[in-house]
Amino acid sequence: MKKSLFLTPGILILALAGCTGQPSTSSSSDQTEQLSWDEIQQEAAGETVRMYMWGGDEGINQYMDEWVKPRLKEEYDVNFERIPLNTNEIIQKLETEKRAGQQEGTIDLIWMNGENFKRAKESSLLHGPFTEQIPNFQTYYDTESLDFTYDFGTETEGFEAPWGKVQFVFHYDSSKMDVPPSSLEELQEWIGENPGKFTYPAAGDFTGDAFIRHVLYGKTSSLEQLLEEPYSLDLVEEGAQEVWGYLNEIEPDLWRGGETYPSSLTELDRLYSQGEIWMTMGYNEARAEVLVEDGVFPETTESFILEEPGSIGNAHFLSIPFNSPNKEAAMAAINFMLSPEAQSVKLSQEYWGENTPIDFTTLNAEEKNRFDEIERGETVLDQQTLDDAFLPEIDAAYVPWLQEQWIDEVASE
Amino acid sequence: MKWHLNKQTTLLLVPAFLFLLLVLYSLVMSFVESVKGPDGWTLSYYQSLFEEERLYASFGYSLWITLISTALSIVIGWALVRSFHTFIENSLGKWILWIPMLFPHFVWGYFVLLLLGQSGVLSSVLFNLGWLESRSEFPVLVQDREGAGIIITYLWKEIPFVVLMLLPVYTQLPKQYGEVIQVLGGTKKEYFKTIEWPWVQPVIVEVFLIVTAFIFTAYEVPALLGVQFPQMTAVLAYDWFYGISWDERSFAFALLFMISVVMSLFALLSFLMLNRRRWLISKSQHQR
Amino acid sequence: MKKTIFYILSSLLFLLPALMLAVKSFTPVWKWGEPLSFEWTLRGWEVFLMDPRIYEALFVSILIALAVTFLNLMVGFLTGKALSHSVFKGKGLLETFLLLPLFIPTMAAALGLHITMIRLGLANQWLGVVIVHLVPTIPYTIKVMKAGYDRVGSGMIQQAKVLGGSPFHVFRSVELPLLMPSVRSAVFLTVTISMSQYVLTAVIGGGNVITLPIIYYPFLQSVNDTVMAAFSIAFAMLPVIAVAAVELLSKILTYKGTFVNRGVT
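Protein chains in written order, with the working numbering: chain A, 1 to 413; chain B, 414 to 701; chain C, 702 to 966.
So that you can see chain A by itself, here it is in the shape it has in the complex (with noise of 0.2 Å):
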């Protein structure tokens, strides 16, 4: 019994004092790209991916673990596992990796954007450029669109593949109110006349962020400038003294007085469901449809925008880190995940109805029938008064400083 034991530690201090060693070289970073698609789908066969996602919806885990697992394997012999952790923990598992210098990792698939890519990127936690060598991503998208060529203002240069597309909505309970406000200065009054109804996520949220960018969008004289032109601190100081205006404005009539906010857009969402507040907001324009089937939003919520700024919307991606042991088979994966049948499935009620990036220009009448016949539900805005409303994101680097200054300029005061 006692010689057991001290074997484990044993072992511990034998590699310890070994431990300088490290694997010198990169598992196949170079070859990877190098390869056509018909090599790297022979590699690909038999070999077992990772995805490494954010776990905290039942509908997207669902379309994982039932759809895409059991077809990935089909069409590819491709095994695929899930893993849920959230994407800032998969970042810094990524970086302490970088500084360790481990090359061979367990991470091959994450699913990102926007502040995480761009540190991801510049961090060079990522594997890449690969998105050439996606086969769907050539057909089927238009690889030239802004959309995907920048995330947040981070050119992409092929480090990751649109997987997602979605828009900023809010939901409200149309028993409550007959109609929704269209405009900030309607939201602001209405909060007036309806004091302790209304919150949003803190700052550091990523729904919070959002309405936050939202009421910049509106209050800037520089909007365009912001979108187009490089992070510069000069442009947004003047819009972001504006939002604070704003946002100090309307704090006194929010929910608990504006005392505190909810610290996640699951807590505003609780709130909304037990009729605490009467609005809540999110970035996908169909989320509210799978929370009222499961009777945890009411009935009579639907979805409207602000018309004046409009909606922000942005895509979603895939990536592979650059320790991933199984690169070709990630390729496989996303290849598979970006199809249109794929696509299609995830826009459907069943699981996600999340919308899809894909070109429908470059689809056959077949494929492009199995998209229009789906019913996105009843709470979902027709696609029109979306795209009318559509803005593009801001650079990523206005994200952290937006969230300090909010914390400074609205949370403490």
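Check before you lean on any hint, since a few could be wrong.
What the hints assert, rightly or not - List time: in silico PhoX-like cross-link candidates among lysine-lysine, alpha-carbon distance up to 25 Å: (1) K176/A with K732/C; (2) K952/C with K507/B; (3) K420/B with K862/C; (4) K601/B with K704/C; (5) K69/A with K165/A; (6) K165/A with K121/A; (7) K588/B with K602/B; (8) K420/B with K792/C; (9) K507/B with K588/B; (10) K606/B with K588/B; (11) K790/C with K420/B; (12) K121/A with K449/B; (13) K602/B with K703/C; (14) K368/A with K69/A; (15) K703/C with K507/B; (16) K704/C with K588/B; (17) K507/B with K704/C; (18) K703/C with K601/B; (19) K449/B with K98/A; (20) K862/C with K952/C; (21) K703/C with K588/B; (22) K601/B with K588/B; (23) K165/A with K368/A; (24) K98/A with K121/A.
These are computed hints drawn from the structure, not numbers from a lab.
With the hints as your guide, set chains B and C onto chain A.
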């Protein structure tokens, strides 16, 4: 009395030393990360850390929550043990006390949110009974600036812990001592001063230190039940740690490392003082 | 009287919450202001049980907890004995140092440990997770076991040795039965602490090691209380299972008819 480690004792202690080696090595690695800037070694993160106003607000807030939670847990837990210890041990009651220990802190935090939120179960029940006109009459117990929700959660979880730590001390308290005092005509107060307090004091101090350190450095409960401002230091460190910018990440390392050092030194000093006393007590016992 | 007060108080504060979570896991989402609905539903448990990785997670969680407990007890028995029954210079200091890991924020340790485990080649493996779970547990175990040996004293053990028992024999027939109360406390603490580690498991296990907290934690962001309650109850059941397993093991390991059972305490 042997003063040097003999062979057998050394052998017994090998795993403990290995364990310490693991912890120490990891701490050094964390420290290295906190002084590694983009261009070589730097202490600048420690410097600019002290210029962050958010940090000061959060320190004060954390200390307040930590001390009040710890103090109340110990006082209440201690009182419970004193009044009930005669029959808790070896009974069903002990198992009931274990129940909250079964649930991780974040699960219990979620439960408090479910029960005591303004839209929570309790508020809803009171409304249905007609005791509340609207939910805004229900006191704000979670996500409040004073940290009531956080304190409630910690009390709920820590009181059983205190009870379970103190229980063996009381069941082992020799009954003869009490009888001696009684025979000699001593009062309850004297009994407490001369027998009970010296007997339990080391454990109380130890529990105090453990609970303080835990509450000060844990982030799950305050992240779930706290407000946006002020934040507990651990939440701030977490936000920085998983934040977007490189500087913040290094801030987090610096902050976490500093907390580790301060906490450890504090604990070390307290224990050393305690051990000295303990040693004196045990010496006097040997002389008997 | 005292007893009644205690039972009422403890049931209200500790038993009732657990019952409420159990009931919640079978009832639909409760809306504020509406009467609590008791239309029983299996929806929460369905989501829980349908997660394809849940069985793996349950198994891995218990496996890790048991391995951690095993190592803990090993270290605890040896170190506790040394600290209690021998006298040497620096003992107090060593005892204090062994408690210090409790005073380090998990996040501070997590990063350093991650680098350490990468160097050791144990990152992303369950063994690595087992080793890092030792950090928040071993200090407690050593403390508990030392207190146990203090209580038992060295007399009985010495006597058994004098009578010619081999170390293992003495361990089984004297030390283990006498120390069983301490072992129980140590096991319980170790298992519950190990089961509640999210950050350490996520960082060191790197997603390769799926334990229950890894699956539960993302659901903290779910608004569906029914699902959450089901997960919460599952959490509380795991330590019970693990403790039962250890109890069983100790029964097998202990001699029937020891000194202790004959009433020599």
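Hint-by-hint comparison with the structure:
1. K176/A with K732/C: Holds, at roughly 16 Å.
2. K952/C with K507/B: Holds - the C-alpha atoms of K507/B and K952/C are around 21 Å apart, at most 25 Å.
3. K420/B with K862/C: holds (18 Å)
4. K601/B with K704/C: Distance ~22 Å between K601/B and K704/C Cα, so the pair holds.
5. K69/A with K165/A: Judged against 25 Å, a Cα distance of about 21 Å means the pair holds.
6. K165/A with K121/A: holds (21 Å)
7. K588/B with K602/B: At roughly 16 Å apart (the allowed maximum being 25 Å), K602/B and K588/B satisfy the hint.
8. K420/B with K792/C: Holds - the C-alpha atoms of K792/C and K420/B are around 15 Å apart, at most 25 Å.
9. K507/B with K588/B: Given pair K507/B, K588/B holds - Cα atoms ~21 Å apart, limit 25 Å.
10. K606/B with K588/B: Given that 25 Å is the threshold and the Cα spacing comes to 15 Å, the pair holds.
11. K790/C with K420/B: Cα-Cα ~14 Å, so holds.
12. K121/A with K449/B: holds (20 Å)
13. K602/B with K703/C: holds (22 Å)
14. K368/A with K69/A: Answer holds: K368/A to K69/A is near 24 Å, not above 25 Å.
15. K703/C with K507/B: holds (15 Å)
16. K704/C with K588/B: Satisfied, since the Cα-Cα distance of roughly 21 Å is no more than 25 Å.
17. K507/B with K704/C: Within the cut-off at roughly 12 Å; holds.
18. K703/C with K601/B: OK: K703/C and K601/B at ~20 Å, within 25 Å.
19. K449/B with K98/A: Given pair K449/B, K98/A holds - Cα atoms ~14 Å apart, limit 25 Å.
20. K862/C with K952/C: Between K862/C and K952/C the Cα gap is close to 22 Å, so the pair holds against 25 Å.
21. K703/C with K588/B: Satisfied, since the Cα-Cα distance of roughly 20 Å is no more than 25 Å.
22. K601/B with K588/B: holds (14 Å)
23. K165/A with K368/A: Holds - the C-alpha atoms of K368/A and K165/A are around 17 Å apart, at most 25 Å.
24. K98/A with K121/A: holds (13 Å)
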